[in-house]
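Enquirer: With these hints in hand, go ahead and build the complete structure from the sequences.
In the order they appear, the protein sequences are chains A and R.
So for the first sequence, my numbering puts the first residue at 263; every next one is plus one.
So for the second sequence, my numbering puts the first residue at 263; every next one is plus one.
Read the hints as simulated data drawn from the structure, not as lab findings.
Only true hints are included.
Cβ pair distances, simulated, as ranges:
| # | chain 1 | residue 1 | chain 2 | residue 2 | range |
| --- | --- | --- | --- | --- | --- |
| 1 | R | Ala-664 | A | Glu-335 | 22 to 28 Å |
| 2 | R | Arg-503 | A | Glu-510 | 32 to 38 Å |
| 3 | A | Gly-293 | R | Arg-504 | 50 to 56 Å |
| 4 | R | Arg-504 | A | Asp-559 | 49 to 55 Å |
| 5 | A | Asp-559 | R | Arg-589 | 51 to 57 Å |
| 6 | A | Ala-520 | R | Glu-666 | 22 to 28 Å |
| 7 | R | Ala-507 | A | Arg-346 | 44 to 50 Å |
| 8 | A | Pro-665 | R | Asp-533 | 26 to 32 Å |
| 9 | R | Ala-663 | A | Arg-285 | 56 to 62 Å |
Listed below are several chain A residues computed to face chain R (Cβ distance under 7 Å; list not exhaustive):
| # | residue |
| --- | --- |
| 10 | Pro-305 |
| 11 | Phe-366 |
| 12 | Pro-493 |
| 13 | Ala-512 |
| 14 | Arg-514 |
| 15 | Trp-516 |
| 16 | Pro-527 |
Backbone N, C-alpha and C define an ideal beta-carbon position, used for all residues, glycine too.
There are 2 protein chains.
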Amino acid sequence: MTRDERAARAQDLDTAHAATDLRHLFDLPPGVVYLDGNSLGAPPRSVAPALHATLEHWRRDLVSSWNDHAWWEAPTRVGDRIARVVGAAPGQVVAGDSTTVVLFQVLRAAAALRPGRRLVVTDPASFPTDLYVLSGVARDVGWEVVHARPDEVPTLLAERGDDVAAVLLSHADFRTGELWDLAGVTAAAHAAGAVAVWDVSHTAGAVPLGLDAHDVDLAVGCGYKYLGGGPGAPAFTYVARRHQAAYEPAVRGWHGHARPFAMEPEHVLADGIARARTGTPSILALAALEAALDVFDHVDVAAVRARSLSLTGFLVECLDALVPEARLVTPREPERRGSHVSVALPRAIGVVQALVARGVVGDHREPGLVRLGVAAPYLTHGDMLAAVEQLRAVLDAGEDAAPENQVRRTVT
Amino acid sequence: MTRDERAARAQDLDTAHAATDLRHLFDLPPGVVYLDGNSLGAPPRSVAPALHATLEHWRRDLVSSWNDHAWWEAPTRVGDRIARVVGAAPGQVVAGDSTTVVLFQVLRAAAALRPGRRLVVTDPASFPTDLYVLSGVARDVGWEVVHARPDEVPTLLAERGDDVAAVLLSHADFRTGELWDLAGVTAAAHAAGAVAVWDVSHTAGAVPLGLDAHDVDLAVGCGYKYLGGGPGAPAFTYVARRHQAAYEPAVRGWHGHARPFAMEPEHVLADGIARARTGTPSILALAALEAALDVFDHVDVAAVRARSLSLTGFLVECLDALVPEARLVTPREPERRGSHVSVALPRAIGVVQALVARGVVGDHREPGLVRLGVAAPYLTHGDMLAAVEQLRAVLDAGEDAAPENQVRRTVT
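Expert: Below, the structure written as structure tokens:
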């Protein structure tokens, strides 16, 4: 395929997917191909006006805003909007706190749901915070942590499942982008009598999750990746309705109390998902996240997924053709792919920095991976081709070996 | 004293305290006397531009902002600015998470500092979240909770202190405004070999704390009261330098790791106060809090305290003269008074609602208290007199008995 033919193919694909090109809803700098929306999503245009309005409420109505502008209900209101994105009926999702904190809470609650079982299963390739939090909870509740690749978990459960309290897995591997079998592992966990806890940080807003349909027990996810809520946006907690009456968070604040304004000395857990609230959440952060979710009023996640698969498929096609020395670590099968594509290259840090200098923003992950995130609503097939052409140019010019490109910290 | 004489006295006091009248730094609606800054501080004018700038960084520099705009360092940078306000040398305060969460963390860490001791002492009149969190931690670590009024704690420690691991107290009572003896109780705790943990939510930014000078061990505080960081602003954690090497938080995320970007499977606590970080904090919320702290570049806390004592003293004087039926529950002695004044009145809810309708915003706390918060930088002696005159008018007109004023939820 000639360069012109490939450009024409990108154009044709963009025309075919024009209905899901939502770049106009985002405020992106011109000339940048942003392939790090899986780390920090680009700002939806709806966010700035919403923050301005919240500041105005604070200024004008002061403390009365808790009532007058329904600040009190923000965690559950935003939660219900996230629920639609992750395939959950209302009343099962609450937003607030960081992913680290909410993961601690759901894991402690999972232990309380399965007292007497001694093991917890996780993927050793999980995002580090998941491993750190799990390790702390394991110490607290006396769990032994058993490591397994997600695709080996069903076998492990069939063999030793009687003693497994919970399985904690990420829906997509943060390094390779591999998508794991949420439905299958959840069913296997249930067959063993264990609780399935999913971290959907890398798929919420990018892949249809069907948390209700697949009978997931507990889940947490990130607000600042594909949900676009801004740097450090509140995370969310999903507690399936059937578990809510027995859901016992370890950290209990007054927002999760049955009668918060009675200021009673004893904590009485609220009914429903409100018991997963803790203390006073950042209303500014919640307002930004709430506004960001407006994007999903314009497109459903199935359509985002279709666009994402077309984009990542074309990205892989361009990489195969133009950068054959890049070893693809992301699965080629669409159904095994999340929404980012990672390739192994020597001097991956240098590659990423040289790409940034050329206006293509991805990131680097050890060991030696260039990670290209595809937040589908604001990217095109033309962007995929442009990114790969720039990667070719970086390697041809040896820019990845330039000393100034060797060390740089990145943040997921 | 006639009405004119009292107005002249207010005027004289305002003239005498003109140097600490910083209302021009705040964006308050005209015609409102805001006496709920101890619940939600009024917005400093510096906040909106700072949020706008942070949004612009996100829009223009996207994920690179973590490096280019020092987002990564925000929790410790903001922490160091708070440190100045609470009397701590740099490197001992970190901002992020809610008060509920950071209290859980410091209490778990306190237990790890004093293994083998079985008791924890607290005030049963503490803000409910403190009691709820402590109760959960006590279950986790096997503590028995012993209740005592703060002024009885030294005696209790002298008698049973050998078995006390920690004392958790609020520096000011959230209902009565009574200020407790931070230095004395801390010394008594140390004499017994216990750790002193203070919740300074109701005094940080209003009263000089001298956390270092008084050898406080651990403290937490709120960002949205006298620090003015906006609704649900991040809380802060103080860990005295001498305890940092042994500080072991229960919830461990990647931001508190010694090498966060190495993405290692095992958690290794960072040196210094950074180990008190958890997961990714809200950068928007931290930006607002950081900007709010600019107020303390214009005034030090000792001057704020002097103004506050003059204001609350005059408020009590006006209440005594004009509303003798209001029973003062706040101590009359200046050194025993925080920065709010509470009075007991029949139909306190109705009083508060009727006052709001007249432009005087305070709040209500059970049992039957009208709570008038005095955030000194943006209030005047004239405001104190106006508030009391409106209270007199409310009672004279019976507005507190009006049915529409009987039920209303307020938020601290």
